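There are 2 protein chains.
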Amino acid sequence: MIASAPCLTSLQTPALILDERKMQRNIGRLADHLSPKGVTLRPHLKTVKSTEIARRLLTGGFGPATVSTLAEAEVFAGMGVRDITYAVGITPQKLDRVAAIRAGGCDLTVILDSVEQASAVVEACQRLGQTIPALIELDCDGHRSGVCAGDPVLIEIGNILHKGAELRGVLTHAGESYEVYGKPAHTKFAEQERSAAVRAAEMLRSAGLPCPVVSIGSTPTAHAIENTEGITEVRAGVYAFFDLVQAGIGVCDVDDIALSVLTTVIGHQREKGWIITDAGWMALSQDRGTASQKVDQGYGVVCDQAGNVMTDLIVIKTNQEHGIIACRTDSKAALPDLPLGTLLRILPNHACAVAAQYSAYHVIPSEPAAPVKVWPRFGGW
Amino acid sequence: MIASAPCLTSLQTPALILDERKMQRNIGRLADHLSPKGVTLRPHLKTVKSTEIARRLLTGGFGPATVSTLAEAEVFAGMGVRDITYAVGITPQKLDRVAAIRAGGCDLTVILDSVEQASAVVEACQRLGQTIPALIELDCDGHRSGVCAGDPVLIEIGNILHKGAELRGVLTHAGESYEVYGKPAHTKFAEQERSAAVRAAEMLRSAGLPCPVVSIGSTPTAHAIENTEGITEVRAGVYAFFDLVQAGIGVCDVDDIALSVLTTVIGHQREKGWIITDAGWMALSQDRGTASQKVDQGYGVVCDQAGNVMTDLIVIKTNQEHGIIACRTDSKAALPDLPLGTLLRILPNHACAVAAQYSAYHVIPSEPAAPVKVWPRFGGW
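These protein sequence lines are chains S and U, in that order.
Just so we're aligned, residue -5 is where the first sequence starts under our numbering, counting upward by one.
Just so we're aligned, residue -5 is where the second sequence starts under our numbering, counting upward by one.
Don't read these hints as lab results, they were simulated from the structure.
Treat the hints loosely; a few may be bogus.
Because identical chains cannot be distinguished in the list, a pair is counted as satisfied if it fits within a single copy or across any two copies.
[Unchecked claim] Only pairs whose alpha carbons sit at most 20 angstroms apart, straight line, appear in this in silico EDC-like list of lysine to aspartate or glutamate:
id: 1; residue 1: Lys288; residue 2: Glu173
id: 2; residue 1: Lys311; residue 2: Glu173
id: 3; residue 1: Lys266; residue 2: Glu110
id: 4; residue 1: Lys326; residue 2: Glu150
id: 5; residue 1: Lys177; residue 2: Asp250
id: 6; residue 1: Lys177; residue 2: Glu150
id: 7; residue 1: Lys326; residue 2: Asp290
id: 8; residue 1: Lys266; residue 2: Asp133
id: 9; residue 1: Lys157; residue 2: Glu185
id: 10; residue 1: Lys326; residue 2: Glu361
id: 11; residue 1: Lys182; residue 2: Glu110
id: 12; residue 1: Lys367; residue 2: Glu220
id: 13; residue 1: Lys266; residue 2: Glu170
id: 14; residue 1: Lys326; residue 2: Asp77
id: 15; residue 1: Lys157; residue 2: Asp298
id: 16; residue 1: Lys288; residue 2: Glu150
id: 17; residue 1: Lys266; residue 2: Asp145
id: 18; residue 1: Lys266; residue 2: Asp135
id: 19; residue 1: Lys182; residue 2: Asp133
id: 20; residue 1: Lys326; residue 2: Glu265
id: 21; residue 1: Lys288; residue 2: Glu220
id: 22; residue 1: Lys367; residue 2: Asp26
It should be emphasised that the depicted structure is a prediction, and the values quoted were computed from it without experimental measurement.
Could you build all of it, start to finish, from the sequences and the hints given here?
Below is the structure:
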C-alpha cells in the first residue's frame, strides 16, 4: 500500500517524517565506503521495518540482510529477500518458525554462543529433516553475548554444528563502539571486531572446521573500518536514518538525520519558558541516548517545519502525550514566539526507538514538489 | 476478535501477559473506594487501549471515559462509548476530527488553557455549525499545562467559550503526586487538586459562568482522596494494571501488578553474573520510572513463569532485543541456574509505556484452567 498526502501541513500530529533524499545519501555513503574494500554489506533492517525502505537498502532490492526478530524475517522473506541473518541468540522454541521460513525458500541463518543452543539446533534439524545454518556469536568487547575468540568452547560448538547442522561461520558486533567519539576510536573498534572474528575463524579452520562467513559490524565501525582482511561481510543498521546519538559520536552530522517527528504547539507556560507540544514519549520514545554524551540533547532537537535546526531549543521533558520544549540550559537566547498550532520537527536521539512508535513513515520525496508518500511500517515479534 | 492460545508456554516471546483476576481486583478496588463518596469515576483509557478492557473498566461498559489521543476517542466512540474527555490540550488542526466524532453521537469534550485555543474552538463551532464543549485545564502543582486557579485569564477563556462554544467546566491533574510516597502524601495532593478545581469553579460561577463539571484525578490521588466536596468526577488510568512505579510510591503492592512481559532465556555470561533474555527495550520500553525511587527496579522485576517474584533478580540493562538479568547490587544471593529456554515474566516499571509496545494482550483468564485469551490492542494517534 502506498497512499499519499499532499504536504506536511495536512498531517495529523504527531507523525513520523522521513526525508528520502537524506536517506538515499546515507545509504549511498556506506555503500561507497565499503564496496572498494571487497566486503559484502549486510544491512540490519531492525531500524527500518519497512519493505519500501528494505528495497532501497538491499543489493538489487533482495540482497543479504540482518534482522532482530523473526517477525522481520517473515516479512522480508515474504517480499523476496533470500538471505537473512537473525542476529539475536536462538532459543529452542523459535526453531520451528526458523525452519518454516527456510522451507519457504529464504536462507535464514541463526546465531548462538553455547553448546546448549547448538544441540537444540541439531535436535531441530533431526526432528524437522532440515539443515539449519548457524553462526557462532563472538564477544569482542564485553558488551553483551558471545564466546570469547580464544575460548575452546568455540571448537566444541563448531563440532556439534558441523556434525548435525551447518556451521556457517562467526559473527561479532562491537556495541561498545557507540560509547566512544570520533573516527580513530571507531576504526580501533572495527579492528577489534575484525581481529576477534578472524582469530575465531582461524581457530575453527585449524580444527578442520569450515568457516565461510566472517561477519562483523555496527554503524560506527562500518563507517570507520580500514582493514577488512579476513572478513567477508559488514553489518550496520541505523545508518539509513542516522540520529542524534550517531551525530554525538561523530559518525554523521546533524544535517544527515533523515528521521524526525512532526509535532504541533498545543500550549505555553511562558513564565517558565516552556512551549508544550503534542509529542510526548509515546511519539519520541524515552530514549535518552545523548544523556551521557558531551551535548545532552534532552528528548530531541527542535527544528522548524522545514527541518531547519532551532539551535537553542530542545525537548527537556516528556509525559505520555506532552512534550515540553525549552531553551538549552547554557543558551542565552530568548524563547521564540511559537504560537498555538505551530508545526515543528523533532530530531530523535535514537532512530530505532522512535520509529518503533509508529505504524507508518510520511516520506518527503526526493523529487521536489512531489506529494508526501506514506510507507507502512510493522512491529512485533 | 478474540482468539485463544492454550497456555503461556506455547507463546512466542516476548509477549504481553495480562492477569485478568488481578485486573478485575484493581478495577473493583477503586470503584469501591469512590462510589460511597458520590463522585463519578471517569477511567483514563490511554493505558489499556483495548475495547475488551474498556468494557470492563467503564460503567455499564459505556460510561464516562478519558482519552489521550483522538485515535482512542475514535475507537472507543466506535464501540459505543458516549461520553469522552480528550485530556490533552486541543490544537486548531484537530477540531475537525473532534467535530466528526461528536457528529457520530459521542459527547467528546476537549480541554484547553489559553484564549487562543478557546477562540479556535469558537471558530470551529461557527465554521462547522456545531457546539463543541471544552473544559478549562488548571495547573494545581506546576507539573505541566494549565491556568493557575486564581488567574483572571480563567474568566476571559470562560467568557469566550460560553459565548461561542460550550463551557463545560474545569479539569486538573496532579502529575507531581507520582513523585511522593504514601497515602498521606497522596491525600494532600488530592486536596490540592480539589481545592484548585473548586476555587476555579467558584471563580467562574461568581462571574456568572456555568461550571457543571469539576474534574480532578491521577491514580495516586484517586486512591487516597478523602474530601470530594465540590468535585463531580475523578479520573485515573494506570490503576487497572498497576506497575512498579505505583508500587514504589505505595499505591499498590507488587502482587497487584496485572501486567508482565513473558520472555525466554537465550544465553548466559556466567562469569559476569548475567542471564540474557529476548526482552530488550523494544519489549520492556525504556521507562526507568523507578530510577529515582527508593528501590531502583532497573528495567523490571523478574518473576518465574507462574508470576512468582524472584526477589533478587532485576533486568539491569537492555538493548533493542536483548535484556540482561542479574542479581540486585545489594543482593547476596547466587545467580540461580536458569537454563536456555526458561520462560520468565518481567513486571514493568510503567504499564502505559510497556503495553504501548504490543498489538495484543495475552490474557490469563480469571476462570482456572481456561485457555489464554488474546485481546487486540491499538496504538497511534
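Here's how the hints hold up against the structure:
When the C-alpha separation of Lys288 and Glu173 is checked against a cutoff of 20 angstroms, the pair qualifies only within one copy, where the shortest distance is 11 angstroms, while the shortest distance between copies is 29 angstroms. Proximity of Lys311 to Glu173 under the C-alpha cut-off of 20 angstroms is restricted to the inter-copy arrangement: shortest distance 15 angstroms between copies versus 24 angstroms within a copy. Taking the shortest Cα distances, Lys266 and Glu110 sit within 20 angstroms of each other only across copies (19 angstroms), while inside one copy they are farther apart (57 angstroms). In the homo-oligomer, the alpha carbons of Lys326 and Glu150 never lie at most 20 angstroms apart, since the shortest distance is 62 angstroms inside one protomer and 33 angstroms across protomers.
Only within a single protomer do Lys177 and Asp250 lie at most 20 angstroms apart by alpha-carbon distance; the minimum there is 16 angstroms, versus 50 angstroms between protomers. Taking the shortest Cα distances, Lys177 and Glu150 never come within 20 angstroms of each other, neither inside one copy (37 angstroms) nor across copies (58 angstroms). For the homomeric pair Lys326 and Asp290, the shortest alpha-carbon distance inside one copy (17 angstroms) is at most 20 angstroms, but the shortest distance between copies (36 angstroms) is not. With identical chains, the CA atoms of Lys266 and Asp133 are at most 20 angstroms apart between copies only, with a shortest distance of 13 angstroms across copies and 48 angstroms within one.
Taking the closest pair of Cα atoms, Lys157 and Glu185 never come within 20 angstroms of each other, the shortest separation being 31 angstroms inside a single copy and 71 angstroms across copies. Taking the closest pair of Cα atoms, Lys326 and Glu361 never come within 20 angstroms of each other, the shortest separation being 38 angstroms inside a single copy and 62 angstroms across copies. For the homomeric pair Lys182 and Glu110, neither the shortest alpha-carbon distance inside one copy (33 angstroms) nor that between copies (55 angstroms) is at most 20 angstroms. In this assembly of identical chains, the alpha carbons of Lys367 and Glu220 never lie at most 20 angstroms apart, being 38 angstroms within a copy and 53 angstroms across copies at closest.
Only between protomers do Lys266 and Glu170 lie at most 20 angstroms apart by alpha-carbon distance; the minimum there is 16 angstroms, versus 38 angstroms within a single protomer. Neither within a single protomer nor between protomers do Lys326 and Asp77 lie at most 20 angstroms apart by alpha-carbon distance, with minima of 53 angstroms and 46 angstroms respectively. Taking CA atoms no more than 20 angstroms apart as the test, Lys157 paired with Asp298 passes in neither setting, with 60 angstroms inside one copy and 35 angstroms between copies. For the homomeric pair Lys288 and Glu150, neither the shortest alpha-carbon distance inside one copy (44 angstroms) nor that between copies (45 angstroms) is at most 20 angstroms.
Taking identical chains as interchangeable, the C-alpha atoms of Lys266 and Asp145 lie at most 20 angstroms apart only when they sit on different chains, with a minimum of 16 angstroms there against 58 angstroms within one chain. In this homomeric assembly, Lys266 and Asp135 come within 20 angstroms of each other (Cα to Cα) only across copies, at 13 angstroms, whereas the closest approach inside a single copy is 44 angstroms. With identical chains, the CA atoms of Lys182 and Asp133 are at most 20 angstroms apart within one copy only, with a shortest distance of 16 angstroms there and 52 angstroms across copies. In this assembly of identical chains, the alpha carbons of Lys326 and Glu265 lie at most 20 angstroms apart only when taken from the same copy (16 angstroms versus 50 angstroms across copies).
When the C-alpha separation of Lys288 and Glu220 is checked against a cutoff of 20 angstroms, the pair qualifies neither within a copy, at 26 angstroms, nor between copies, at 48 angstroms. In this homomeric assembly, Lys367 and Asp26 never come within 20 angstroms of each other (Cα to Cα): the closest approach is 27 angstroms inside a single copy and 50 angstroms across copies.
Hints 4, 6, 9, 10, 11, 12, 14, 15, 16, 21, 22 from the list above are not met by this structure, while the remaining hints are.
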